[in-house]
Structures are given as structure tokens and as C-alpha cells.
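Visitor: Each chain is listed here by its residues.
There are 2 protein chains.
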Amino acid sequence: MKMVEGGVCAAKGFQAAGAEAGVKYKDRKDMALVYSEVPCVCAGTFTTNVVKAAPVLWDRELVENAPFVQAIVVNSGIANACTGKEGLDCCKAEAKEAADRLQIPENSVLLGSTGVIGMQMPVDRLKTGIAELAGKKERSVKAADDAARAIMTTDTVDKQIAVSFEVGGKTVTMGGMCKGSGMIHPNMCTMLSFVTCDAAISKELLTKAVKESVADTFNMISVDGDTSTNDTFLFLANGMAGNPEIAEEGEAYETFKEALLFLNTTLAKKLVGDGEGATALVEVQVVGAESKEAAKQLAKSVICSSLTKAAIFGHDANWGRILCALGYSGAAFDPEKVELFFQSKSGRIQIYKNGSAADYSEEEATKILSDEEVTILADMHMGDATATAWGCDLSYEYVKINADYRS
Amino acid sequence: MKMVEGGVCAAKGFQAAGAEAGVKYKDRKDMALVYSEVPCVCAGTFTTNVVKAAPVLWDRELVENAPFVQAIVVNSGIANACTGKEGLDCCKAEAKEAADRLQIPENSVLLGSTGVIGMQMPVDRLKTGIAELAGKKERSVKAADDAARAIMTTDTVDKQIAVSFEVGGKTVTMGGMCKGSGMIHPNMCTMLSFVTCDAAISKELLTKAVKESVADTFNMISVDGDTSTNDTFLFLANGMAGNPEIAEEGEAYETFKEALLFLNTTLAKKLVGDGEGATALVEVQVVGAESKEAAKQLAKSVICSSLTKAAIFGHDANWGRILCALGYSGAAFDPEKVELFFQSKSGRIQIYKNGSAADYSEEEATKILSDEEVTILADMHMGDATATAWGCDLSYEYVKINADYRS
Chain C
245 MKMVEGGVCA AKGFQAAGAE AGVKYKDRKD MALVYSEVPC VCAGTFTTNV
295 VKAAPVLWDR ELVENAPFVQ AIVVNSGIAN ACTGKEGLDC CKAEAKEAAD
345 RLQIPENSVL LGSTGVIGMQ MPVDRLKTGI AELAGKKERS VKAADDAARA
395 IMTTDTVDKQ IAVSFEVGGK TVTMGGMCKG SGMIHPNMCT MLSFVTCDAA
445 ISKELLTKAV KESVADTFNM ISVDGDTSTN DTFLFLANGM AGNPEIAEEG
495 EAYETFKEAL LFLNTTLAKK LVGDGEGATA LVEVQVVGAE SKEAAKQLAK
545 SVICSSLTKA AIFGHDANWG RILCALGYSG AAFDPEKVEL FFQSKSGRIQ
595 IYKNGSAADY SEEEATKILS DEEVTILADM HMGDATATAW GCDLSYEYVK
645 INADYRS
Chain A
245 MKMVEGGVCA AKGFQAAGAE AGVKYKDRKD MALVYSEVPC VCAGTFTTNV
295 VKAAPVLWDR ELVENAPFVQ AIVVNSGIAN ACTGKEGLDC CKAEAKEAAD
345 RLQIPENSVL LGSTGVIGMQ MPVDRLKTGI AELAGKKERS VKAADDAARA
395 IMTTDTVDKQ IAVSFEVGGK TVTMGGMCKG SGMIHPNMCT MLSFVTCDAA
445 ISKELLTKAV KESVADTFNM ISVDGDTSTN DTFLFLANGM AGNPEIAEEG
495 EAYETFKEAL LFLNTTLAKK LVGDGEGATA LVEVQVVGAE SKEAAKQLAK
545 SVICSSLTKA AIFGHDANWG RILCALGYSG AAFDPEKVEL FFQSKSGRIQ
595 IYKNGSAADY SEEEATKILS DEEVTILADM HMGDATATAW GCDLSYEYVK
645 INADYRS
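If you read the protein sequences in the order shown, they are chains C and A. Just so we're aligned, residue 245 is where the first sequence starts under my numbering, counting upward by one. Just so we're aligned, residue 245 is where the second sequence starts under my numbering, counting upward by one.
Do not rely on the hints blindly, as some may be mistaken.
Same chains, same label: a pair holds when it works inside one copy or across any pair of copies.
Stated by the list, open to error - Result set (DSS-like, lysine-lysine): computed pairs, CA atoms no more than 27 angstroms apart in a straight line:
hint : residue 1 : residue 2
1    : 268       : 329
2    : 513       : 644
3    : 386       : 581
4    : 268       : 414
These aren't lab readings, by the way, just hints derived from the structure by calculation. Just so it is clear, the structure is predicted and the values come from calculations on it, not from any experiment.
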């Protein structure tokens, strides 16, 4: 497997574009198109929030029932959530406009929206944007960059990755982009994440691979504990790599899954590393847990603890908060057996063992906690299960961004 | 029922004191004593965190098995949590010192600690503090004030309340104090809360009343979603009011429960109103829910949403975040049926109905959200169940306090 350029345009036959539609933001790109020259097999996962945005309802229907898909139209600025019938009508209008412009069926157009909840969408501006996107689309690094930037809200950087690998003697390429910075506590999915791939793969196996991979990546991150109404992960595979179709489990499927896990892990970490106001990417590794479920509960409890996050922002080795968060996770363990470590590129120290503080240097701990990527390692000594979760610290800036997000 | 002065000293036969022991803080009172002239019946609830502080383990044993209790010794500064055997030995030393000084049995001395997790306790300073407390204890408003201030950590004000009411022709008085400002997300209990009462009541009924009341008050508040290792609620009843013992359910028990509910609600609201960095007390009222459990889930989900809390700090009527938090609560409902209102002393407005925004004035909404007490009312239209939860907004100050709490 090797890294390649081009994000969602890296895989054969995929084009992209970004446009300034003025949905809500001014003077920046706020609409993106991802388009495949040929029909695609598709898999997706969506928010578990009871309140689902209109484009989530639209996409879920297509992912389940459409014979194929060929395009994704995304806007930032307004989420098209809590918009009632008007919101669903807007989805129809967008899909119709895209279908006309791209000469593809309406039910092959997937949609995504991110931004303020509750505001109605400016349908005319969206249509004008779609016309522009259809005219500009191309397969280039610049087009992928434009699309990745257009879907940003409070994100400070665009988030892309692409890799290539061999399947049955053919080079397969897989590339993705995602956005998300606040309201990040995905459950079945992240905010918005789109992956394109030129592999030939059956819908059944693609769906299986996507579900498993999302559970260990996007569902293991948290910025603020708020599960969005718009979480969407979509994977489009168009078969243009020419590989023998991956239609059963085996070596080719494992290779595909490994690439997908790497890609999703990378995107998920980019996402929380750019969490609203974040100054550090925090990784929580739980080992020695009683079961996989317990390991996940423990890792997520620490990554979601506001007090732990604030301590890391302050570079303060306040490990009691970590033990406290493990304690209220719902997983059983013996506090006397747990061992805790801090780790970064600056080193690794043990901070807790045998029921109380280990003998460590506060200075060394502060040095480790001042790095941009910090790992908290918890060995529960209860079994063999492991899990990793990712998040970020909690800073003044998070509050500032969210105290007045709408203006 | 009427309000009276004197906090934990309001009920007959209860004395208190505060002392400067220098446990961790300098130049302020950091130890408190609550003492009854006669033996008390006791009930308590404690943290559900797997990691329990040493004084929690100590108290739980006494509440279950001791024939009676007569004193509570509390310190702030260090939590005596994650301190292993040394922490438990410290509890024994404290109880022994208090027993000697107060001439009561060791197993009638309850303990409470709050502050930094993981640091060992300075046993000698605690003993000196206990000697001072025993010498100073008295039944006065000043003594209750001293005790209430001594247990504060990041609290900005002390939190006390007392009421009196009639039982069987006798005046019964009930008074309490509590502390807590961060790491507040009680589960079975709040940080530290101590209530004294001169009623005669059986242990069985007292335990029942305490459990039910805590479930609807302290367990319905959240400052930051972190359930502490030290949460403790203790209720001491010494019978000195001379009322016929409340030994079965009936009018006297109902009167007692009503007073307890009022007292616990008041203390719980004081607690979150003084949440770390809080500028507003937020109340979430859920009505029309399918079940009591669903109502509680919905109310707690909104009160815990970082994004909702940050929006209230910014006086921003970003109601989409409220609907989003209802949506990920785990309770089922129809987003089209929900109605949302904002309410404060400045007025009341409907902000959401029929699946999208109601026609309200942003100016009026901002005015309501600028008040010090703000109510979010959600009518789910699913049934008859109701629940109320309390919390506070999320400010820069919260992050500041917690980024460097230990220094």
C-alpha cells in the first residue's frame, strides 16, 4: 500500500469540483461535487440521532434501494436539518438539477449538508451552484482540493488522503475527504466523509467492510460528545481499476479492508486533530480489557471527559481525572490493578500503578503533554481486549467558536 | 413549611465548626465538622463510579452497618481518592482522632473529602484540624457558615438551606449544606451534601425517602458530565424534635419527603448555578414524554450538551442543538411533534413546532437567554411523563479553571 495524491479524484474515473454558491458563507467555496464517469456500487452509514437531516433521509433510501449511484452533491453553511417538508423538497430539487446537468438518473445523486441546524436552504442558489459544479468538474488534484475545502465549516484545514494497492494484479486506488470540527461524537458515522475507489467489489462485501471499519474509526472519536443530525459516510466504488470483482472474503477482501481501515483511521484522526479549538490530538489506547465492548467503553469515556480534555489543554498531568473517567465508563475493573502511562514523541512515563501515583517527574509529564499528539495508555489487567479512541483537548477557543456560531 | 436560618445547625442538637488545617489550601478554612449531641439515624447515597474514594468506602460501610452515627468530618483540597491503603489508613486515623476528641465511638464518625485526586493526605495536619474543630464546635449560624465555606473547592459561594415544618404537633427542622462546582454529573449522588434534621424517623423510611429524593434532584444535574469518585450525600436525623417517630408511610412521611425534596432541589440548583465558570443556571423541563425514564434521558441529554451550553453562554438561540441533543438521548420520539420554548423572568417564546422553526423574534430570544436563570421547555407530545434537569452554561472560565486546577 502506498500513499498517492488526489483525494477523491485519485481513483480512476472520479471527478470533482468546488463552487461559490453563497448558501450562507460569502467569498468562499461552499458547494462540492464528487462524480464518477460510470455507475458505482455504494455503501454508507448514517447518524443514529433520532433527528435526522433531510439529506440523511434522502441518502439512506438511495444506499438501500437505488440500483447504482454516480454523484454526491454537498453544501456547507446550512445543515438542512429540522427543516420539515421544505427540507425534503429541497433535496428533490437538488437531485433533479444535478441529474439534468450531469445526464444521470435522479436516484443516482447522493446529497450531504453541514452547517446551522433549523435554517431553510436557498434552493435557487443551490441550483446555480450545481450548474457551476457540473460545468467545472474534472479529475485533478486541484478539483479534489476545491471539493475538500468547500465542505469545511469551522474546520481550519481540509482533510484528504489517498492510497493505492494491488488486487489480482491490478492497481486499485482509494481516496477520501471528510469534514467535521464540532458536534463530533459519531455513532455509526462521522459528520461528513466521502470515499471513492476504482475497485470492483460486490455491494454486500463493500457494506460489510464499511460497517466494520467505521465502528473502529469514526465511531471511536469525539470532540464534544454531541452526535450530529447530519453524520454521513459514503463509499463509492466504480470498478474502473479492472480487478476481478471482490465478491467473497479472502486475500483480496482483506487487502481492501486493510486499506480502508488505514484510510478511515487517517481521516478520523485528521478530523479530531482539527477539532474546534483543539491544540492537541489525544489518543486513548486501552489494553488488557475484559472484552472488546468494555475496551471501547473505557477508551470513549476518557476521550469524552471534559475535565481530562481541559487538563491536557493545560499540559497538566492530572491523571486522577483519567482514572475517574475510566471509573464511570460502565465497564467493571479493579482500580488497584490498572496501570496508566502518558506517551508522545518526547517519551513515555508510567503515572499510576498499584492503586496510587507512580513515581514520575512532573516536569517530564508536562513535556510529554505539551506535544501536539499525546497518547494515554491504560492497561486494565482484566483480559486481552484492546480499543483505541481519538479526540482533542478542550480550549477557550472551543467555547468561543460555539458561543456564537450562527453569527 | 418555612425557611429558617442556620444551615446544618438549624435542627436541634446539631453543632458545627470550620478550621484552617492547611491540608492543601493556605489562609482559608479547609476542614468542617458536623456533630450531633445525641446519636443519629443515618441514610446516604454514594458515587456509582467504580473508582471510589477512601472516605466513600468508609462511609458506605458505616451507613450500612453502624448502630448509629454522630459526626461528619470533611476536608477540602485533597480528595483522598486513588490513594490505596494509605488513604484508608488515613480514614481510620481521622475517625480515631475525632472519636477521642468528641468522646464518641470511632464507627459513628463519617468522613468526606473533596479536591485533587491521587495526592496523599497530610495525616498530622488533619489530626490538628480535628482537634481544633472539636474545641470550636457550637450551634450557631456562624458555625454553620464556617463549615459550609470550609468544604468549598472551586465553588464561589457557600450553599446552605434550612426549613421547618410540623410533624405530629412538633416543629421539625431540616438543614443542609453542599459543595460542588466541577466534576459534577452525579449518579446516585452529588459531590458532597450533608443534611441534618431533628425528626424522629426510622432508618428504613429515611433510606427510602433519601433514595427517591436524590434520584429527582442531585441525580438530575450536570456541570460537565464527569461523575466524581467522591460523590456523597449524607442525612443525619437525631430525633430531638420530639415528634412521634415516623415509622410508616402516611401524612407525616409525606410531609417529611416534601420538605426533603424542596431542600435537595434548592441545594442541587445552588450547586449547578455555581458550576465552574457558570454565568447562567439552566433548567430543562421535559413534558409529554412516553415514560419517566425517557423524560429523564431527554432532560439530561440536553443539560449535558456542550454545544447547547456554549450557545447559552453566547445568548444565542441556537435551538437546533437542543433538538439534536434530544435526538441522541436514546429516547424515541417524533421530531415533527416536538415543541420547544425558551422561558425566563423576561418572558416565554416558542422556538420550534411542526418540524421547523417557529416564528419568533431573535431579539426577544436573546433577551431571555441573557437572564441568569433560563428554562428550556420541551413538549414531546408522546405521553404524560415529565422530568426536570438542571445545569449551567459552558464558558471560557470553565476551561481556565480546569486547564490548571492543581497549581
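Visitor: A separate judgement is required for each hint: does it hold in the structure or not?
Guide: Here is what the structure says about each hint:
Proximity of residue 268 to residue 329 under the C-alpha cut-off of 27 angstroms is restricted to the intra-copy arrangement: shortest distance 20 angstroms within a copy versus 60 angstroms between copies. For the identical chains of this complex, residue 513 and residue 644 are neighbours both inside a copy (23 angstroms) and across copies (26 angstroms), given an alpha-carbon limit of 27 angstroms. Taking the shortest Cα distances, residue 386 and residue 581 never come within 27 angstroms of each other, neither inside one copy (53 angstroms) nor across copies (45 angstroms). Neither within a single protomer nor between protomers do residue 268 and residue 414 lie at most 27 angstroms apart by alpha-carbon distance, with minima of 44 angstroms and 67 angstroms respectively.
Hints 3, 4, counting from the list given before, are not met by this structure.
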